[in-house]
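Q: Sequence:
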Amino acid sequence: MGGSLISALGLDIGQKRIGVAGCDRLGLLATPLTTIYHESFDKDVEMLKPIVVEREVSILIVGLPYLMDGQLGTQAQQVQKYSDRLQQTLQLPVEYVDERCTSLEAKEILVSRKRSPSRNKGLIDAQAAALILQRWLDDRVFP
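Every position in the sequence shown, counted from 1, becomes a number in my numbering once 1 is added.
For the record, the hints were derived by calculation from the structure and aren't laboratory data. Idealized CB from N, CA, C, for every residue including glycine. One should not assume that every hint holds.
[To be verified] Derived DSS-like pairs: lysine-lysine, alpha-carbon spacing no greater than 30 Å straight-line:
1. Lys44 with Lys17
2. Lys122 with Lys50
3. Lys82 with Lys44
4. Lys82 with Lys122
5. Lys17 with Lys50
6. Lys122 with Lys17
7. Lys82 with Lys17
8. Lys122 with Lys44
9. Lys50 with Lys82
[Stated by the list, open to error] Cβ-Cβ distance ranges computed for the label pairs, FRET-style:
10. Asp43 with Asp140: 11 to 21 Å
11. Ile52 with Leu29: 13 to 23 Å
12. Leu29 with Pro94: 13 to 23 Å
13. Glu55 with Gln89: 14 to 24 Å
14. Gln81 with Lys44: 16 to 26 Å
15. Asp70 with Glu40: 27 to 37 Å
16. Val95 with His39: 17 to 27 Å
17. Pro51 with Gln72: 17 to 27 Å
18. Glu40 with Asp139: 32 to 42 Å
19. Thr75 with Phe42: 27 to 37 Å
20. Gly71 with Glu47: 14 to 24 Å
21. Met69 with Glu47: 19 to 29 Å
22. Val46 with Gln76: 16 to 26 Å
Turn these sequences into a full structure, and let the hints guide you.
A: So, in structure tokens, the structure goes:
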């Protein structure tokens, strides 16, 4: 049997919420899982840990909000700091994906599915996490 199984977790880390997405074991398809509402770092980890264990996650894929000119702004630096803490706490490697426009794409996907993104911003975050993870998966399969 060739091919390795992947268990990556996609994260869309915002100031108020973290969108979480997972992928199938073949690493082909990302799907939204849940949204974590920030209370504290420890609470966030408490919510993430069972997902990491249950899905046997081996890597975290984090969306990095580059500025439109390709620079890393304040928000991106905060995401990196937060991701560093997650990496140390969960003992998992982190890879970053350019997440520009993923929230906009996520809204469009939800609207096309007749879901109301304006009423549930958590849905947008989870869908954005799936887009982030899907970009990473696609880069691995179709470099």
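Q: Give a verdict on every hint.
A: Against the structure, the hints:
no., hint, result
1, Lys44 with Lys17, "13 Å, holds"
2, Lys122 with Lys50, "23 Å, holds"
3, Lys82 with Lys44, "17 Å, holds"
4, Lys82 with Lys122, "24 Å, holds"
5, Lys17 with Lys50, "19 Å, holds"
6, Lys122 with Lys17, "10 Å, holds"
7, Lys82 with Lys17, "16 Å, holds"
8, Lys122 with Lys44, "20 Å, holds"
9, Lys50 with Lys82, "19 Å, holds"
10, Asp43 with Asp140: 11 to 21 Å, "32 Å, violated"
11, Ile52 with Leu29: 13 to 23 Å, "20 Å, holds"
12, Leu29 with Pro94: 13 to 23 Å, "20 Å, holds"
13, Glu55 with Gln89: 14 to 24 Å, "21 Å, holds"
14, Gln81 with Lys44: 16 to 26 Å, "20 Å, holds"
15, Asp70 with Glu40: 27 to 37 Å, "34 Å, holds"
16, Val95 with His39: 17 to 27 Å, "18 Å, holds"
17, Pro51 with Gln72: 17 to 27 Å, "36 Å, violated"
18, Glu40 with Asp139: 32 to 42 Å, "33 Å, holds"
19, Thr75 with Phe42: 27 to 37 Å, "18 Å, violated"
20, Gly71 with Glu47: 14 to 24 Å, "35 Å, violated"
21, Met69 with Glu47: 19 to 29 Å, "35 Å, violated"
22, Val46 with Gln76: 16 to 26 Å, "21 Å, holds"
In summary, the numbered hints that this structure violates are 10, 17, 19, 20 and 21.
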